[in-house]
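J.: For reference, the chains in residue letters:
Protein chains: 2
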Amino acid sequence: MSDPDKRIAAVEAYVAAFAASDADAVAALYAENAVVEDPIGSPTHHGREAIRAFYAESMKTGAKLTLEGPIRLAGDYAVFPFSVHLHYEGADKRIDVIDTFKFDENDLVTEMRAFWGQRNMHGF
Amino acid sequence: MSDPDKRIAAVEAYVAAFAASDADAVAALYAENAVVEDPIGSPTHHGREAIRAFYAESMKTGAKLTLEGPIRLAGDYAVFPFSVHLHYEGADKRIDVIDTFKFDENDLVTEMRAFWGQRNMHGF
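Residue numbers (the numbering used here), protein chains in the order written: chain X, 23 to 146; chain H, 23 to 146.
Since the hints were made in silico from the structure, they are not lab data.
Treat the hints loosely; a few may be bogus.
All copies of an identical chain are treated as equivalent in the list; a pair is satisfied when it fits inside any one copy or across any two copies.
[Claimed, not checked] Below, a list of computed lysine to aspartate or glutamate pairs in the EDC-like style, where the Cα atoms sit at most 20 Å apart: (1) Lys-28 - Asp-126; (2) Lys-82 - Glu-133; (3) Lys-86 - Asp-129; (4) Lys-115 - Glu-54; (5) Lys-115 - Asp-46; (6) Lys-124 - Asp-60; (7) Lys-28 - Glu-71; (8) Lys-124 - Glu-111; (9) Lys-115 - Glu-127; (10) Lys-86 - Glu-127; (11) Lys-124 - Glu-71; (12) Lys-124 - Glu-79; (13) Lys-82 - Asp-129; (14) Lys-28 - Asp-60; (15) Lys-82 - Asp-114; (16) Lys-28 - Glu-111; (17) Lys-124 - Glu-59; (18) Lys-86 - Glu-59; (19) Lys-115 - Asp-25; (20) Lys-28 - Glu-79; (21) Lys-86 - Asp-126; (22) Lys-115 - Glu-34.
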């Protein structure tokens with residue numbers, strides 16, 4: 023059975039995993055056959071191992087996440103606004119993002135979509 | 023051609039239409055065959071006329087919207103966090119929501135999905 027508390031905990035674990043640069047901890051939040059699209063319109067990553075590799079690469083930028091408002095829980099989804107902070111080419115940068123996590127019945131993420139674009143990138 | 027400025031303007035017009043309790047102004051943002059799902063998991067509203075009627079009913083609560091962060095623009099989407107403020111059964115109430123607007127090539131909204139649930143309702 024789905025559990026709203028577990029879905030909130032998954033989002034908090036996602037933020038914490040970036041703080042720890044722990045790609046394995048992020049991958050563990052996903053179902054085996056999950057799909058990640060980050061950002062929307064880019065090639066998707068299929069399966070937990072490809073997803074782990076994608077996050078390991080992202081974390082090389084030192085990216086850290088800050089929640090920027092309450093997590094919205096609706097149907098099978100948790101949706102949340104956040105900012106990404108990273109240091110890249112000698113400067114501090116920020117990206118404003120909203121992610122949608124779709125969960126399966128075991129509260130694992132089956133689909134993640136990250137909404138951000140050029141207008142949401144600051145300091146680049 | 024799609025225009026990011028028009029998509030931002032559409033979100034701002036959406037907020038302004040609630041401020042003016044103007045369901046026609048909201049409906050005008052939608053394509054003729056648009057679909058609205060608000061909240062996720064509830065029956066959808068198909069077509070501009072059904073959508074207009076849905077918003078006219080919503081506006082009877084006096085609901086006003088406040089943007090709670092930057093609009094994220096990604097691919098065909100504008101996604102934005104906001105709060106809904108309404109006065110209902112003698113009390114002030116707030117709902118925290120994230121909407122996704124998907125646009126067509128004329129920058130009309132073809133699909134709206136509203137992410138909020140019981141955990142996002144305050145004062146009810």
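J.: Would you mind marking each hint as holding or not holding in the structure?
T.: Hint check results:
Proximity of Lys-28 and Asp-126 under a CA criterion of 20 Å is satisfied intra-copy only: 12 Å inside one chain copy versus 36 Å between copies. Neither within a single protomer nor between protomers do Lys-82 and Glu-133 lie at most 20 Å apart by alpha-carbon distance, with minima of 23 Å and 36 Å respectively. Taking CA atoms no more than 20 Å apart as the test, Lys-86 paired with Asp-129 passes in neither setting, with 24 Å inside one copy and 33 Å between copies. Taking the shortest Cα distances, Lys-115 and Glu-54 never come within 20 Å of each other, neither inside one copy (32 Å) nor across copies (40 Å).
For a Cα distance limit of 20 Å, the shortest separation of Lys-115 from Asp-46 qualifies neither inside one copy, at 25 Å, nor across copies, at 40 Å. In this assembly of identical chains, Lys-124 and Asp-60 lie within 20 Å of each other by CA distance both inside one copy and across copies; the values are 14 Å within and 17 Å between. Taking identical chains as interchangeable, the C-alpha atoms of Lys-28 and Glu-71 are never at most 20 Å apart, the minima being 22 Å within one chain and 39 Å between chains. For the homomeric pair Lys-124 and Glu-111, neither the shortest alpha-carbon distance inside one copy (34 Å) nor that between copies (34 Å) is at most 20 Å.
In this assembly of identical chains, Lys-115 and Glu-127 lie within 20 Å of each other by CA distance neither inside one copy nor across copies; the values are 37 Å within and 31 Å between. For a Cα distance limit of 20 Å, the shortest separation of Lys-86 from Glu-127 qualifies neither inside one copy, at 29 Å, nor across copies, at 35 Å. Within a single copy, Lys-124 and Glu-71 get their C-alpha atoms as close as 18 Å, which meets the 20 Å cut-off; across copies the closest is 30 Å, which misses it. Taking the shortest Cα distances, Lys-124 and Glu-79 never come within 20 Å of each other, neither inside one copy (23 Å) nor across copies (29 Å).
Taking the shortest alpha-carbon separations for Lys-82 and Asp-129, neither the intra-copy value of 28 Å nor the inter-copy value of 36 Å comes in at or below 20 Å. Within a single copy, Lys-28 and Asp-60 get their C-alpha atoms no closer than 23 Å, and across copies no closer than 23 Å, so neither meets the 20 Å cut-off. In this assembly of identical chains, Lys-82 and Asp-114 lie within 20 Å of each other by CA distance solely inside one copy; the values are 14 Å within and 46 Å between copies. Neither within a single protomer nor between protomers do Lys-28 and Glu-111 lie at most 20 Å apart by alpha-carbon distance, with minima of 37 Å and 32 Å respectively.
When the C-alpha separation of Lys-124 and Glu-59 is checked against a cutoff of 20 Å, the pair qualifies both within a copy, at 12 Å, and between copies, at 16 Å. Taking the shortest alpha-carbon separations for Lys-86 and Glu-59, only the intra-copy value of 19 Å comes in at or below 20 Å, while the best inter-copy value is 32 Å. Taking the closest pair of Cα atoms, Lys-115 and Asp-25 never come within 20 Å of each other, the shortest separation being 35 Å inside a single copy and 25 Å across copies. Proximity of Lys-28 to Glu-79 under the C-alpha cut-off of 20 Å is found in neither arrangement, the shortest distances being 27 Å within a copy and 34 Å between copies.
Taking the shortest Cα distances, Lys-86 and Asp-126 never come within 20 Å of each other, neither inside one copy (26 Å) nor across copies (34 Å). For a Cα distance limit of 20 Å, the shortest separation of Lys-115 from Glu-34 qualifies neither inside one copy, at 22 Å, nor across copies, at 26 Å.
Checked against the numbered hints above, the structure breaks hints 2, 3, 4, 5, 7, 8, 9, 10, 12, 13, 14, 16, 19, 20, 21, 22 and satisfies the rest.
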